[in-house]
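K.L.:
Residues per chain, in single letters:
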Amino acid sequence: SQTIHQWPATLVQPVGSPLSLECTVEGTSNPNLYWYRQAAGRGLQLLFYSVGIGQISSEVPQNLSASRPQDRQFILSSKKLLLSDSGFYLCAWKTGFGEAFFGQGTRLTVV
Amino acid sequence: QKEVEQNSGPLSVPEGAIASLNCTYSDRGSQSFFWYRQYSGKSPELIMFIYSNGDKEDGRFTAQLNKASQYVSLLIRDSQPSDSATYLCAVNLGVILTGGGNKLTFGTGTQLKVEL
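Chains as they are written, first to last, in this note's numbering: chain A, 142 to 252; chain B, -8 to 107.
A hint or two may mislead.
[Stated by the list, open to error] In the DSS-like style, the derived pairs of lysine-lysine whose C-alpha atoms are separated by at most 30 Å in a straight line are:
{"hint": "1", "chain 1": "B", "residue 1": "-7", "chain 2": "B", "residue 2": "33"}
{"hint": "2", "chain 1": "B", "residue 1": "-7", "chain 2": "B", "residue 2": "58"}
{"hint": "3", "chain 1": "B", "residue 1": "47", "chain 2": "B", "residue 2": "104"}
{"hint": "4", "chain 1": "B", "residue 1": "-7", "chain 2": "B", "residue 2": "47"}
{"hint": "5", "chain 1": "A", "residue 1": "221", "chain 2": "B", "residue 2": "94"}
{"hint": "6", "chain 1": "B", "residue 1": "33", "chain 2": "A", "residue 2": "235"}
{"hint": "7", "chain 1": "B", "residue 1": "104", "chain 2": "B", "residue 2": "-7"}
{"hint": "8", "chain 1": "B", "residue 1": "47", "chain 2": "B", "residue 2": "33"}
{"hint": "9", "chain 1": "B", "residue 1": "58", "chain 2": "B", "residue 2": "47"}
{"hint": "10", "chain 1": "A", "residue 1": "220", "chain 2": "A", "residue 2": "235"}
{"hint": "11", "chain 1": "B", "residue 1": "104", "chain 2": "B", "residue 2": "58"}
{"hint": "12", "chain 1": "A", "residue 1": "221", "chain 2": "B", "residue 2": "104"}
{"hint": "13", "chain 1": "B", "residue 1": "104", "chain 2": "B", "residue 2": "33"}
{"hint": "14", "chain 1": "A", "residue 1": "235", "chain 2": "B", "residue 2": "-7"}
{"hint": "15", "chain 1": "A", "residue 1": "220", "chain 2": "B", "residue 2": "33"}
{"hint": "16", "chain 1": "B", "residue 1": "47", "chain 2": "B", "residue 2": "94"}
{"hint": "17", "chain 1": "B", "residue 1": "-7", "chain 2": "B", "residue 2": "94"}
{"hint": "18", "chain 1": "B", "residue 1": "58", "chain 2": "A", "residue 2": "221"}
{"hint": "19", "chain 1": "B", "residue 1": "58", "chain 2": "A", "residue 2": "235"}
{"hint": "20", "chain 1": "B", "residue 1": "58", "chain 2": "B", "residue 2": "94"}
{"hint": "21", "chain 1": "B", "residue 1": "47", "chain 2": "A", "residue 2": "220"}
{"hint": "22", "chain 1": "B", "residue 1": "33", "chain 2": "B", "residue 2": "94"}
{"hint": "23", "chain 1": "A", "residue 1": "235", "chain 2": "B", "residue 2": "94"}
Because the hints were derived from the structure by calculation, they are not lab data.
Kindly produce the complete structure, drawing on both the sequences and the hints.
P.N.:
Encoded structure:
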């Protein structure tokens, strides 16, 4: 069966510091991978998605970037965090039928 | 108009009652519809999906889809305190993402409280 791992679970970072969140998927090959952000009391916002190694598409312009160095690895990064980057970050993979499965999430607080 | 709309709640129902959660969507080209449950501080988990008009039942859960009215709902029978969570409606819009695949868009969720 497919599993998705995401870490760390919780992160507190100062404004201006860099960020790297990692997500890996097991049990499937060439998955479509997604990064979502959920701000407090708000819905899930699609940030980036990837259909293959090195292929990244951005949904919204922002302070973040994403990379996919390996088939089952998806990384979310920032060079300098802003207060507005705080939120709950979720990595997901999507099946051919369209349903998405999520990792455990990373709660990021920028202070 | 939001692409996927839900009443934020909270919706309070007594234990054993039927909870009815509703969702509307704007894109008539939408193909597939999902309900996720999210406990506080946790990631969403898929509980139901529906592709065709009508009802789909899975245990205590029933999803209902009406494409003409652009409406999808989730009924939870015999509600339990463990059902207390936020329920997210998600829709694969007719929008095709660059590189393939439909855009999966989420509503803001309805908070359900099942009271003893």
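K.L.:
Are there hints from earlier that the structure breaks, and if so, what are their numbers?
P.N.:
Checked against the structure, the hints that fail are numbers 12, 18 and 21, while the rest are satisfied.
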